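So the sequence lines, in the order shown, correspond to chains A and V. Start counting the first sequence at 18; every next residue gets the next number (this note's numbering). Start counting the second sequence at 64; every next residue gets the next number (this note's numbering).
FYI, nobody ran anything at the bench for these hints, they're computed from the structure. These numbers come from a predicted model, not from an experiment. Do not take every clue at face value.
Below, in silico cross-link-like pairs of lysine to any residue (SDA-like), each with a Cα-Cα straight-line distance of 25 Å or less [stated by the list, open to error]:
#1 V:K155 x A:I31
#2 V:K168 x A:Q162
#3 V:K168 x A:E58
#4 V:K226 x A:E58
#5 V:K227 x A:Y161
#6 V:K168 x A:K27
#7 V:K168 x A:E60
#8 V:K155 x A:G70
#9 A:K27 x V:F73
#10 V:K226 x A:V71
#11 V:K155 x A:R138
#12 V:K155 x A:C121
#13 V:K155 x A:Q146
#14 V:K168 x A:A140
#15 V:K168 x A:N177
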Amino acid sequence: MTLSLQINGKTRVIDASPTARLLDVLRESLGLTGTKEGCGEGECGSCTVLFDGVPVNACLVLAGQAQGHDVTTIEGLAKNDPDAHAVVLSALQTCFVEHGGAQCGICTPGMIVSAEALLRRVARPDDAQIRDAIAGNICRCTGYQRIVDAIRAASLERSNIEPQNKGDS
Amino acid sequence: MIDAAFARPFSLDEACAMLARAHADGQRPALLAGGTDFVVERHLAPPSATPHARITLLDVSSLRELQIVEERGDVVRLGGGVTYLTLRTHAKLVERLPLLAAMSKDVGAIQIQARGTLAGNIATASPAADGVCALAPLDAVVGLQSVRGTREIPLDRYYRGYKKTERAPDEIIAWIDVRVPHRGARWSWRKVGTRLAQAISKVALASVVELEQGIVTRARFGMASVAPTTSFLPSVRAAMEGKPVDRLDTEHVVAALEKDISPIDDVRSTREYRLHVARALVRGVVASLR
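Turn these sequences into a full structure, and let the hints steer you where they fit.
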């Protein structure tokens, strides 16, 4: 069956079952393997994508249900720089790198997508808001503090405020 | 991939017609909203494991008619497709129904809150359902629609037993009417689980208590995970209504609780611990009134 989906701002027409999971269509039909599968049952958040700007688990959405909605994956957050033939990471992604917010990396795309949704809604979240926003994203490496630090730093950078050393306490 | 046919009605009327026709044709239709239960179950127990499992999925997740929020005096009508995320972010709902907002924050995490719906929670009929528990003290009424027409069933008469409901197979939960508590009413939401997010309750209690001149004029409850269906705690209610707050006998109220619930040992908790927590939660409500 032909499905027409809006992925990262582009219309993608693919041949897939409407009862396939959005996660599988992204990874297998579209080659967007940045979205990870962890638990496959809505617990871990590794497959988080934005669905009309709101984070959802792509393992719980069927591809047919995504028709008519805007889906943004981790690949949609970085910018392509055609002059340099390179991908330029967003400020949020760079902060994850700089603050040690990624270790093994499996949770990282979902974590960043959840954080992106938060920062679009709340420019300067406090730590409680950050932790609430990533409560559905499980990380077994970092202990979360570095992730919270990265998101806080990104919020300051996005609002052009010099970062304070709040996270070191 | 789920082994099922997939159809996407574009209106509530069309959904009702497709549901009725699928039944008449001997198919096995299933309504799909947020998928937070259904997709997990199908993934863990593929259809090949169950005979005659091929079904027709009717995707109602994008139907705008199911996402309405309408204020009608002291009643708010919520479309069946209203999500937990809407309940915790819609400014007017947060103001008028803070109990539902508090409950919604405790459902899964944002990803689940964004997809899970009130109608899905009611239809799935889990005794641990957070949404049903919080709707209970708001005198919720379930609005059902089919090609035969519409009808309303009060939530406290909706459940006939463990995962058994009054809904006919051709009916869609189109709306839920909830009564906004009087100004100054005391409400509470307490969910006791293993962690703050992504947990299913061991016990949860939602309450609304209205007072006039120191008398309990109205006490309403929903308790989750302590009986085959959400418990409305009728004995606790009777032990409190009409009584002056300063003469409420806490232990008398707690004794009434034991007539209303029958918790069991299961994967999430034990009967003994659930009884202990249930008593503590009810004591907490009584104490908060003074």
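Here is how each hint holds up against the structure:
1. V:K155 x A:I31: violated, 41 Å
2. V:K168 x A:Q162: At roughly 22 Å apart (the allowed maximum being 25 Å), Q162 (chain A) and K168 (chain V) satisfy the hint.
3. V:K168 x A:E58: Judged against 25 Å, a Cα distance of about 20 Å means the pair holds.
4. V:K226 x A:E58: holds, 21 Å
5. V:K227 x A:Y161: Distance ~42 Å between K227 (chain V) and Y161 (chain A) Cα, so the pair is violated.
6. V:K168 x A:K27: violated, 33 Å
7. V:K168 x A:E60: holds, 16 Å
8. V:K155 x A:G70: holds, 21 Å
9. A:K27 x V:F73: holds, 24 Å
10. V:K226 x A:V71: violated, 31 Å
11. V:K155 x A:R138: holds, 18 Å
12. V:K155 x A:C121: Distance ~42 Å between K155 (chain V) and C121 (chain A) Cα, so the pair is violated.
13. V:K155 x A:Q146: Holds, because 21 Å separates the two Cα atoms, which is no more than 25 Å.
14. V:K168 x A:A140: holds, 20 Å
15. V:K168 x A:N177: The hint is violated at about 31 Å.
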